[in-house]
Structure formats: C-alpha cells, structure tokens
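Novice: Using the sequences and the hints given, assemble the complete structure.
So the protein lines, in turn, are chains A and X.
The working numbering puts the first residue of the first sequence at 80, with every later residue one more than the last.
The working numbering puts the first residue of the second sequence at 134, with every later residue one more than the last.
Simulated from the structure, these hints should not be mistaken for laboratory data.
Among these hints, one or two may not hold up.
Claimed, not checked - Distance windows between CB atoms, simulated:
| hint | chain 1 | residue 1 | chain 2 | residue 2 | range |
| --- | --- | --- | --- | --- | --- |
| 1 | X | THR157 | A | ASP191 | 17 to 27 Å |
| 2 | A | LEU175 | X | GLY191 | 56 to 66 Å |
| 3 | A | PHE160 | X | ARG270 | 25 to 35 Å |
| 4 | A | ALA259 | X | ARG270 | 52 to 62 Å |
We treat Cβ as the ideally placed atom computed from N, Cα and C, and that holds for glycine.
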Amino acid sequence: MTLLAVRGLTKRYGGRVACTDVSFEVYPGEVLGIVGESGSGKSTVLQCIYLETMADNGSITLDGEELTTVDAMRRRWLRSFRMGMVHQDAARGLDLGVSAGGNIAERLLAADWRHAGRIRARGTELLSRVEVAADRVDDLASAYSGGMRQRLQLAKAMANEPPLLLLDEPTSSLDVHVQAAILDLVKELHAQTGVAMVVVSHDLGVIRLLAQRTLVMYRGRVVESGITEQVLEDPQDAYTQLLVASSL
Amino acid sequence: MSDLGTSPAGSATDTLTVTGLHKTFTLHLLGGRRLPALVDVSLSVAPGELVAVLGASGSGKSTLLKCLSRTYLPSGGSARYRSARYGPVDLVSAPDELMVALRGGEIAVVSQFLHAVPRTPADLVVAEPLLRNGMDRTAARDRARGLLARLLLPEALHDGYPSTFSGGERQRVNLARAMATTPRLLLLDEPTSALDPVTREAAKALIRESVAGGAAAIGVFHDLSTVEELASRALLIERGRVAAEGKPAEIVTVLNG
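Specialist: Pasting the structure below:
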C-alpha cells in the first residue's frame, strides 16, 4: 500500500539540473527524511510534489492519482485536502498581512465551511493543537515570531486533515530552543494523527529524530536510501560517509 | 567445528536461520579501504532458545547483531526469519519499510548504548512502540511503567528525561522499550553491561521470562556467568567466522583457554 510514489522525477532550471531521476515511495503514516546539502535538489523534489513547480519528466502519484497533469482547480483542491506544506520561509506558506485565524480560515473556506462562528471555533481549536494561545488568533501573522509562524504553518497545513505533510527545512531558521519545541510538536502531531510526512533537512539530527527511512541526495540524485539508523551508522555512498563523518 | 555446517538451512521450526552471512565495510574516506568484519557466519535459533555469541573484542559479535537488525547493511548471505505477521522474511534483503515494521514490534534490538531521544520522558520512550502499534495511551503508559518498575527504575525517574540518566538507568529504559511489544526475536548487545548486581538480576529475569514465553534470542554478554545462566547454546566467533559451537560452559572454557 503506497501513499505517494515518485518515479524518475527530473527538473531543470534553464541549463541547470535541480534533480534528476528521483524515485521513492512514501507509505501511509510513515516519516521519510530527505537529507543533503543546499543545492542537492531536495527542496525541488518537495516543490514538485506540492505542485509549486512542474516536473520536466517523471511521474508523481498520490493514492494512485497522477499529479503532474492536474489542472489549476484540482491542484488547489489537492493542496487543501490531500497534502499540506510547511516552508522554511513562512512568508511562502502564510499571508503575513492577514490574521492567524484568517490564514486558517482560507483553508476552511476551501473546504466549504461557511459559518463564521464555526470557522472561528475550528481555527482556535487548530491553533491550540499547535500550542498557540486563543488570544493570539486575531493577531496578524506578521506579528508572530519565527517559531510561532512555523506553528501557524503547521495548523494551516493540517486544517483539513490531509494524509500527507511536506516539511521543507521546518526548523532551519529558528533558534536552537525554538527548533526543539517545533520538532517536538511535529513528533506529537505525527503520533496523534498518523499523518505521513516527507521531511527535508540538511540537519542529520532532525532526520534522526523524525524519520524512519531516509534518502540521501547529492547533486540532484538520490545516492543512497535506507533505514535512518543504517544510513547514519553504516552509510554506503562516499558522499554520505563524508556527511556523517562531518556532522557527528 | 560446528554441527551447523551439516544443516545450514536449520530446522523448519527455527525462528531465525542465518546462512553464510558476511559483511565488509568500504571506507571511502580512506581511499576505499575494505574491512571484512564478518566473513562467514551461519547459525539458527529456535523459539524459547537463547544463543550466546562469544568472542574477543573486534571479532564481529556486534557486527553480527547489527547486520541482523539492519543497522548495518549485510554484504551477503541470508537470514531467514519466520515472521508471525509477514511469513518468511530474509532480513538481509527485506525492503526497508518491512524492516521498519518488524523492528517496531516483532524484532527487538537492545544495543549497548541508548541514543536517548531528547526531551521525551522515559515512560513515553518505552511506550512509543506500543502507541505506534495502536495501543491506547493510558494502557501503553501503564505497561511502560510496569516494565520500568520491574527493572527497578525508581518511580521518580519514570517521567524523567533519559538524556539526563546514568548509563545503567538508560540501559534499563532501553531494555524495557525492547520488551514492551512482546518481541519474537531478541537481539541483545550487552544489555546488562552497565547494571549493578541487583538490577542485573531483574534484567536477566525479564529476558529469561521472554525466552521462556517463546521468544528466540541472540545475545552478546561480557559477563560469562550471565551466559551460563541464560543461554542454551553458545557460539565462539573469531575474525568474523564461527570457530566453535556448543554448550555455554564448553565454549566459555574454549574462550578462557
């Protein structure tokens, strides 16, 4: 039973290859890590899955549905109901000029929620799940700190309970103690909801904490994949051996 | 040598049958140097049996256990495990996701060192595999605390963070977590090395009970009296090969001689 299947994914920006011939599966409820240095193509893979950018070649199926050929309307629906995304840069995932509650309401409106009182109650409930106090619901997203913005992105991404959550360097721009709190929250959300996740990070600590299986990308290619513990303890590829030796 | 050579396939009722397992590390950072750690290991373990693995340090004992849990990727050979849920599985070549599923329930790994998950209380570390298998939160936490109590971990530490624990306390958390899901195959790498004599007895009792209940176990113990008490058979490993096999007392004598 496969939730997400990526086959032969290739994306070029002009003459530069961002990722090439990337293939992997994600099973329901699992957390898959993708690790690699900046420029390795790992974020491009997530952007292709989330349909922020179109793949040049290859296939991406979510519950059997081919994503690379959907129209704009279907894409909007998929992003509301079938997958959520948390960006490293919150400005890409949030409307910073709108209140926290308003950011979440946008997703609920897409799900045909029409009653203002109920939308507000649901927004407050979602925010409390990510430990944002009820009295911050009406504050503009721009007034939120970095860690709070990531919490808000998580609440928004999970608003319609999608089976797949994509996280692109979710803690890389945060202070260490805030990173820890956000990672704990991601673990807790996974334990509570069983949502499958793809977590992209350059930080092996994040991958070790969250992912059961891990892919290693280097120069646009998947050079290695395995159980996270095996990738960290017995890396096979020359690049992964260097990565592990450098970080531990 | 061993009688295993005559029946490498083991018996049909064995939980695990390892045949010709080998592992060579390739160190790319050292110019591709190759390091053979396991050369040729065959063994079998039946339900209700604990097989002790003895040998000098560096002989390949831990590598053997880590190859069976796929913490290391074996270079070749086979390790046929009879899964309750998935039928016969070759642990050498099983897909990663299947290994993740097995390690989350049927196969328990107790390593010498616990990589403590930060900011997670001990009882939750132990309960986590149960929660993942769908047990309700209260029941999972109760079972976790029961196991920690059996291993004589003071109640005041049950909601403490293992990252702040002593080596012996962490080791008990580690063992409790491994036992939580009532595993069918135990891979024990010095599970009692950091324990004082009293808690070591408690740990041995837990292991003995699990094996008596039908689990198959492979264990590395630095303490030879533990080997003689717990194991029904023992293997001596030298330079990545099985050098001898027999009753624990015999192999201990070979090792000391």
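Novice: Can you give the numbers of the hints that this structure goes against, from lowest to highest?
Specialist: 1, 4
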